[in-house]
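Q: Build the full structure now, drawing on both the sequences and the hints.
Read off the chains here:
Number of protein chains: 2
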Amino acid sequence: MSYQAVPLNKAYLLLNHGPTVMISSAFGDKRNIMSAAWSTPLDFDPARVVVIIDKQTYSKELIEASGEFTVLIPSKKIAKQVLQVGTTSGRDIDKFTEFNLTTVAAKTIQAPLITDCLACLECKLIPEPHNQNTYDLYIGEVTAAWADPEVFSEGRWHIKSDQKRSIHYQAGGEFFAIGDSFHID
Amino acid sequence: MSYQAVPLNKAYLLLNHGPTVMISSAFGDKRNIMSAAWSTPLDFDPARVVVIIDKQTYSKELIEASGEFTVLIPSKKIAKQVLQVGTTSGRDIDKFTEFNLTTVAAKTIQAPLITDCLACLECKLIPEPHNQNTYDLYIGEVTAAWADPEVFSEGRWHIKSDQKRSIHYQAGGEFFAIGDSFHID
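Residue numbers (my numbering), protein chains in the order written: chain A, 315 to 499; chain B, 315 to 499.
Misleading hints may appear alongside valid ones.
Repeated chains share a single entry, so a pair holds when one copy, or any two copies, can fit it.
[As the list claims (entries may be wrong)] Using 30 Å as the maximum straight-line C-alpha spacing, the simulated DSSO-like pairs for lysine-lysine come out as follows:
no.	residue 1	residue 2
1	344	438
2	478	421
3	438	421
4	369	421
5	374	474
6	438	391
7	474	394
These are calculated hints, taken from the structure and not from any lab test.
A: Here is the structure:
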């Protein structure tokens, strides 16, 4: 599987249904990845996203130092790793190595993508110190977007296998998998 | 069915899995309701949420005038109304009447709740003019939270019927219903 480019003005569709995401970051020779249940699209064109990143995290340091981050939409196949990277700190370990995450180079930023995602967004931070300091709220402009063409192409989701469902975190290790699509006329 | 109170520090759990929401508002004798795919929890305690509300909307006017709004988590049963209130303007019609939405009085704000939701949050706007004007981004502090005890109680989701699934908007009238829960140790 390799990722296929998604037009930037369609990038919001990758997050529109509210999946739990992972966020990777890198600065110099440091890198990290965390999980985040709290994110939302913010605008279509320019494509922008909001992510909430706790002030205690190592990711916050790397994102503020580099001005970049990814938003990765993991498949159910790597739900265990989503929980693992969400409950450990990158100050103590290299989570990519520790949890067997295979990286893929991003195109527009230094932070790595990983395999087994449904989609990946590369983002440049739009600095907003008040939001970052007061609310842990980070705004990014999407500079590249990618999707697994088996589940998303031509601006539409078409998820057909259980292991390629998006996952939606509840609490305490409990997730929802996304269910079936339905249409309203 | 009647709603049961949810402790405020558990309110984030109602939004954590990324459902599409409706947002109601009221000011004086005016009221409105819209749909929003773009929202996220922002903090646990005090419980805060972010919603993105386009600057052209009637809802924006009522929310800025009243300093209040709701975040309603509709069940699949009312998916058609979610689409309807998302594609019409409250400047032209009273959407509650037009689309047969039954209101329920909120406890801490004037904006009404509606029936057939999985959960409802009452919010007071935390004014942030820069975010509102630049990004259409609104921050609310949750002042009351409610859930249908058939699907959420004791801090946990337990959705058992198809019509009481949360819905997750894609585009063009296409939704995902939330799927099954799974646990990772």
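Q: Determine for every hint whether it applies to the structure shown.
A: So, going through the hints one by one against the coordinates:
1. Taking the shortest Cα distances, residue 344 and residue 438 sit within 30 Å of each other inside one copy (17 Å), while across copies they are farther apart (40 Å).
2. Taking the shortest alpha-carbon separations for residue 478 and residue 421, only the intra-copy value of 24 Å comes in at or below 30 Å, while the best inter-copy value is 41 Å.
3. Proximity of residue 438 and residue 421 under a CA criterion of 30 Å is satisfied intra-copy only: 12 Å inside one chain copy versus 41 Å between copies.
4. Proximity of residue 369 to residue 421 under the C-alpha cut-off of 30 Å is restricted to the intra-copy arrangement: shortest distance 27 Å within a copy versus 33 Å between copies.
5. With identical chains, the CA atoms of residue 374 and residue 474 are never at most 30 Å apart, being 35 Å at best within one copy and 38 Å at best between copies.
6. For the homomeric pair residue 438 and residue 391, the shortest alpha-carbon distance inside one copy (28 Å) is at most 30 Å, but the shortest distance between copies (39 Å) is not.
7. For the homomeric pair residue 474 and residue 394, the shortest alpha-carbon distances inside one copy (21 Å) and between copies (24 Å) are both at most 30 Å.
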